[in-house]
Amino acid sequence: MTDPNAIPDPGPPPRHPRLLDLRFVIAAMFAIFGVLVTASGVFAEPDQIERAGGINISLWTGIALLLLSGGFALWVWRAPPDVPEGHIMDASDL
Amino acid sequence: MVIPIGEATVGDGVLLDMHPIDYALLFVYFAFVLGIGWMVKRSITSSEDFFQAGRSLPAWIAGLAFISANLGAIEILGFAANGAQYGWASVHYYWIGAIPAMVFLGVVMMPFYYGSRIKSVPEYLRRRYNNPTHLVNAVSFALSAVLIAGVNLYSLAIVLRALLGWSLPLAITVAAVLVLAYILAGGLTGAIYNEVLQFFVIIAGLIPLTIVAIAAVGGPGEVVERLKDYPEYWYHPWSGTAVDAAATDPQTANPIGDWVGIILGQAFVLSFGYWTTNFAEVQRAMSAKNLNSARRAPIIGAFPKIFIPFIVILPGIAAAMLIPELGSGDDPSTTYTNAIPLLMGDLLPAGVLGVAVTGLVAAFMAGMAANVSSFNTVMTYDIWQQYIVKTRVDHYYLRVGRIITVVGVVAGIGTAFIAASYNNINEYLQTLFSFFQAPVFITFILGMFWKRTTPWGGFWGLISGILGAGFVWVYAVAGNPDYFRSAFQQAMWMGIVAGAVDLVVTVAVSRRTTPLPDSALVGLVKGLEVRDSSEATSPVWFKRPEVLGAGVICLALAMYLMFLFI
Chain A
1 MTDPNAIPDP GPPPRHPRLL DLRFVIAAMF AIFGVLVTAS GVFAEPDQIE
51 RAGGINISLW TGIALLLLSG GFALWVWRAP PDVPEGHIMD ASDL
Chain B
95 MVIPIGEATV GDGVLLDMHP IDYALLFVYF AFVLGIGWMV KRSITSSEDF
145 FQAGRSLPAW IAGLAFISAN LGAIEILGFA ANGAQYGWAS VHYYWIGAIP
195 AMVFLGVVMM PFYYGSRIKS VPEYLRRRYN NPTHLVNAVS FALSAVLIAG
245 VNLYSLAIVL RALLGWSLPL AITVAAVLVL AYILAGGLTG AIYNEVLQFF
295 VIIAGLIPLT IVAIAAVGGP GEVVERLKDY PEYWYHPWSG TAVDAAATDP
345 QTANPIGDWV GIILGQAFVL SFGYWTTNFA EVQRAMSAKN LNSARRAPII
395 GAFPKIFIPF IVILPGIAAA MLIPELGSGD DPSTTYTNAI PLLMGDLLPA
445 GVLGVAVTGL VAAFMAGMAA NVSSFNTVMT YDIWQQYIVK TRVDHYYLRV
495 GRIITVVGVV AGIGTAFIAA SYNNINEYLQ TLFSFFQAPV FITFILGMFW
545 KRTTPWGGFW GLISGILGAG FVWVYAVAGN PDYFRSAFQQ AMWMGIVAGA
595 VDLVVTVAVS RRTTPLPDSA LVGLVKGLEV RDSSEATSPV WFKRPEVLGA
645 GVICLALAMY LMFLFI
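So the sequence lines, in the order shown, correspond to chains A and B. If you read the first sequence in this note's numbering, its first letter stands for residue 1, the second for the next number, and so on. If you read the second sequence in this note's numbering, its first letter stands for residue 95, the second for the next number, and so on.
Simulated from the structure, these hints should not be mistaken for lab results. Values in this document were obtained by computation on a predicted structure and should not be read as measured data. Note that CB positions come from ideal geometry on N, CA and C, so glycine has one too. Be aware that one or more of the hints could be misleading.
What follows is a list of derived Cβ distance ranges for each label pair [unchecked claim]:
hint, chain 1, residue 1, chain 2, residue 2, range
1, A, Ile63, B, Phe404, 17 to 25 Å
2, B, Ser627, A, Phe43, 49 to 57 Å
3, A, Pro80, B, Ile519, 49 to 57 Å
Computed far set for chain A versus chain B, every beta-carbon distance over 12 Å [claimed, not checked]:
hint, residue
4, Leu74
5, Trp77
6, Arg78
7, Pro80
Kindly produce the complete structure, drawing on both the sequences and the hints.
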């Protein structure tokens, strides 16, 4: 006979819950984009900067992409999805 | 809205100097596109999962997919071309066209769509009116979806050929296989997740392009200063919109149209019709997890939509200032539609160039996938299940949906090759479908808000409206080619006539025929709405569609006011 007040066993935790979250996918892709674009900004030839109106646009875009990636990563971290295994869900807010 | 595929020369003569890093970015994106399809595949177990994303998505995902589905590359290249040709005048399409329509969908119409638990927009017409009305709408929607998917595919192929040197068959195959793979695997969820990713890639490519283009002109102050050299409508979008402006002062007449046409035709009939009844759009919002999220989705999408003109029209304006020969002559490399490809080639360094090219490719795929994923839903639920094979288990329709997805993509590829050979056929078909779209908003609004509208009133009103639009087109094109200032103005008045004829005929026929009983109209008509628990208790203020909607309309108004100070 089981104790009626016992907390039900939640079962094993989901294996890769964050891999299923779209926010995580966006964060991952823009991390790669950010690193590649920032690197091409760091190693930009002077003529590449000159043609872009004197702005090292690859460097700035790369940094912005890394920030975007970080923003989504922070969101996943602060509001992690509680997913039953095999089902896709995302932040329930906004 | 006719898509200018006549510009078969998009990108001609603008072979980009792609570095390995630019290709690396493109392939990283392709890998993620397929990864998303693979990732969501496990969650597809029923036809509701496949066609309606399980009605489970949060509002922000449905909202971003809502605008991404429309932010195809044809729109991006087209509005940059408008910017290069007419300056800021074409902004009405966004600020008075799209924005109020998106708010109207969320605040007013979504309760009827979501609350009645219909699976598609044509299904609303079947339940509210009758099978003939439903068939007219479902069949014309399905055909035009395949056509637009094919046009996107073809445009993508010619842009990739010109910019990257790929062959047409290679470009068409790569894009079609990618789209097919993620929709087959992930259904609507796969399409929508990819659209959200595409949204960010498109933005990430266009913002740096705009910044660099403005810097190349000499900075924002210089852009504003040089705008004064152009006609006033370039920076005051309402100037020259008097109804008789074309007759009294053709030099300053606004080429987009007159104020009656812009407000009544473009905004009220055409934009409201497109944004609130085009299933490729509405399907995104209907995938949300509850009524409140479904209502907020288009309004959340409207906030970024307000700023899209600054990254599509503005680069077009900069291109006109930087490239004086743009649109001037016979050189195919300097057509207006080439504004963005030319800027990319002239200004963008390695790295950012890869992001911009990826953004353009993503935009074409978004435009195609939205049409494929709404086409398969309408074909399966509205045609196959309704009229052909009616009573089978759910799993059967899931399989039919996957087969129809393949059929849709193959038909799209076929359309792409037909478009490549017979440009005129494609333009005529798009014009024909615009007749079908023109009156549809009036039919929906009467159905939702006038309980007395009868099934046959709806049917004959819709048919008369379609004929009315066709009449204006025949009158203008065949008889009086100079009657309208531009194709824009002609489309606006086509919408006004179609809507007015639809209204009059629907009311007249409804007065003489029998309406449906209340029991058949539950969830479909004002006064008989069905709301779920998400709307039963009033949500916090920033989750209320009315509050968000008022906010976004005020923002659009503020944008117009801002331009008065230029």
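Violated hints - listed by number, lowest first:
As far as the earlier hints go, not one is violated by this structure.
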